[in-house]
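**Q** Sequence:
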Amino acid sequence: MKMQVVGDVASLDPDLLQLSELSPIALNPNPFLAEELFSLWLSLPETSRLVKNLLNDVKTASFSNATANSAVSTATSLPSTFLSSSTPPLSPRSTSGSPRIVKQRSSPSSLGSPLKLVSERVREVIPQFYFKNGCLPPNELKERCLFAIDQYFYGHLGLQIHEFKVVTKDICKLPSFFSTALFRKIDVNDSGIVTRDQFVNYWIGGNILTMDLATQVYTVLKQPHCRYLTQGDFEPILHELLASHPGLEFLRSTPEFQERYAETVVYRIFYYINRSGTGHLTLRELKRGNLISAMQHVDEEESLILYCRYFSYEHFYVIYCKFWELDTDHDFFIDKENLIRYGNHALTYRIVDRIFSQVPRKFSSKVKGKMGYEDFVYFILSEEDKSLEPGLEYWFKCIDLDGNGVLTPNELQFFYEEQLHRMECMAQETVLFEDILCQIVDMIRPEKEDYISLRDMKSCKLSGHVFNILFNLNKFIAFETRDPFLIRQERENPTLTEWDRFAHREYIRLSMEEDIEDASNGSGDIWDESFEAPF
1 MKMQVVGDVA SLDPDLLQLS ELSPIALNPN PFLAEELFSL WLSLPETSRL
51 VKNLLNDVKT ASFSNATANS AVSTATSLPS TFLSSSTPPL SPRSTSGSPR
101 IVKQRSSPSS LGSPLKLVSE RVREVIPQFY FKNGCLPPNE LKERCLFAID
151 QYFYGHLGLQ IHEFKVVTKD ICKLPSFFST ALFRKIDVND SGIVTRDQFV
201 NYWIGGNILT MDLATQVYTV LKQPHCRYLT QGDFEPILHE LLASHPGLEF
251 LRSTPEFQER YAETVVYRIF YYINRSGTGH LTLRELKRGN LISAMQHVDE
301 EESLILYCRY FSYEHFYVIY CKFWELDTDH DFFIDKENLI RYGNHALTYR
351 IVDRIFSQVP RKFSSKVKGK MGYEDFVYFI LSEEDKSLEP GLEYWFKCID
401 LDGNGVLTPN ELQFFYEEQL HRMECMAQET VLFEDILCQI VDMIRPEKED
451 YISLRDMKSC KLSGHVFNIL FNLNKFIAFE TRDPFLIRQE RENPTLTEWD
501 RFAHREYIRL SMEEDIEDAS NGSGDIWDES FEAPF
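Residue numbers (UniProt numbering): 1 to 535.
Hints in this document: simulated from the structure, not taken from any laboratory. Nothing here was measured: the structure is a model prediction, and the numbers come from that model. Using N, Cα and C, we set each Cβ at its ideal position, and we do this for glycine too. One or more hints might be untrue.
[As the list claims (entries may be wrong)] Distance windows between CB atoms, simulated:
(1) I193 <-> E235: 32 to 42 angstroms
(2) E163 <-> G405: 34 to 44 angstroms
(3) R288 <-> T495: 28 to 38 angstroms
(4) E517 <-> Y451: 44 to 54 angstroms
(5) F433 <-> G134: 56 to 66 angstroms
(6) Q413 <-> P255: 22 to 32 angstroms
(7) G403 <-> E163: 30 to 40 angstroms
Please model the complete structure; the sequences and the hints are all you need to start from.
**A** This is the structure we're talking about:
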């Protein structure tokens, strides 16, 4: 059978036959076979009925004679893939070299097809949603901001650093203790003054006005050309907080403790928010945390004694006093023998060895075999609140001896053996490891009973108790003999974390001890350099 050449269709593409039994690769080198198959297809009764129906449709259509004749000629030579008015056939397996594709791309009307061409879809213009340097402020917002700026800068050549606090709080809506950092960010030449034009160029021209609060804080604090925050970036705002906040006024006469307070705040921020543990706080991490709301709370709160999260003086006092008690020689380092005394010898030697092997976290201390203050902050926050992710990950790494990411019964038994021995020495009722293992599995309910994953631990509210069973005897016994009154107190204040409750109890105890010590010395107003307590 000879093929009729119509338009620019000069050959039969085997792909158009859509034969699932034969590969197009086998048909391409055998054109005669393809023609025979095409002849067989045309001789089928179904094909004949289809062609007749298509011809009838063309005859009854309201087209011109010339267009109708061209359509009939095309219908007799093109495969049914083009003209089927019923259910369209399946798409061909390959479009490479297909005359249909070439025809559609070049001139779809040259074949004279009676089918209506589908008009191209109107392209929807998607508004820009990403701005590398921030979104441009709307004119209305820009005008309102300029009006407020003019009010503060009217009659001044510029504002000095002590006059900039009101601009920071009222116009920029940032915490007031950001004024120094913001002033120095704008006054790049250290002229000691910020003019109106300089402020407008930075705040409005730099599109900072339209940023969310977290991004504004991030932009003001970070160093130029950096994509993260370091611990040093928080120093300017903490120094201003210590110098201006009424709740920290009593620390102004003791610069050493001001420095320790600032360090503790920064360590706690990175402990909770810098989940990657790199020491580089990203904008993503900053937005996920609750630091911004804590900063706003501090700016409105007059007293920082109670729960102001990272900035709580109560929390700082407890952490530093605990460190001071263990650091007997006051060289600002702690060794294994010092740490083993923590919590009235609550920890086992095996878990202390794991801590000093720096498995859960590399020490910032450069002295071999000793833990610095920053390392101790990470330790005490993890030890006193094992319910949060940072604490869970800290202790999970300690128990995971082979570092394969799961806890096996052998690893659990290794740590519990020392606990069992300690219970025997203290004449406590002992519990065999087999029973303990069953209890742990019942509490955690791991996906696989052969091991416990970190995911299993994070999904269980009693994960912290599992760690206490393995290496903290005092808390293990306390949990087994819980006071119903304490349980009711915890239910009445569900927003308080385990760390909040611990810090509050310890703050009261330490305050009472300090009052007793002052009374025994005859005066509570005299500071004696020989006292071991830091306050």
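**Q** For the range 28 to 38 angstroms, tell me whether the beta carbons of R288 and T495 fit it or not.
**A** Given a distance of about 19 angstroms, which is not inside 28 to 38 angstroms, the answer is violated.
**Q** Is the distance from the Cβ of E163 to the Cβ of G405 consistent with 34 to 44 angstroms?
**A** Since E163 and G405 have Cβ atoms about 56 angstroms apart, the given range 34 to 44 angstroms is violated.
**Q** So does Q413 sit 22 to 32 angstroms from P255, Cβ to Cβ?
**A** 50 angstroms, violated
**Q** Take a look at whether the Cβ-Cβ distance between F433 and G134 falls inside 56 to 66 angstroms.
**A** Holds: the Cβ-Cβ distance is about 59 angstroms, inside 56 to 66 angstroms.
**Q** Using the Cβ atoms, figure out if G403 sits within 30 to 40 angstroms of E163.
**A** 56 angstroms, violated
**Q** Range first: 44 to 54 angstroms. Now tell me if the beta carbons of E517 and Y451 are that far apart.
**A** Cβ of E517 to Cβ of Y451: about 50 angstroms, so the range 44 to 54 angstroms holds.
**Q** With 32 to 42 angstroms as the target window, see if I193 and E235 comply at their CB atoms.
**A** Taking Cβ atoms as reference, I193 and E235 lie about 23 angstroms apart, which means the hint is violated.
Comparing the model with each numbered hint stated earlier shows that hints 1, 2, 3, 6, 7 do not hold.
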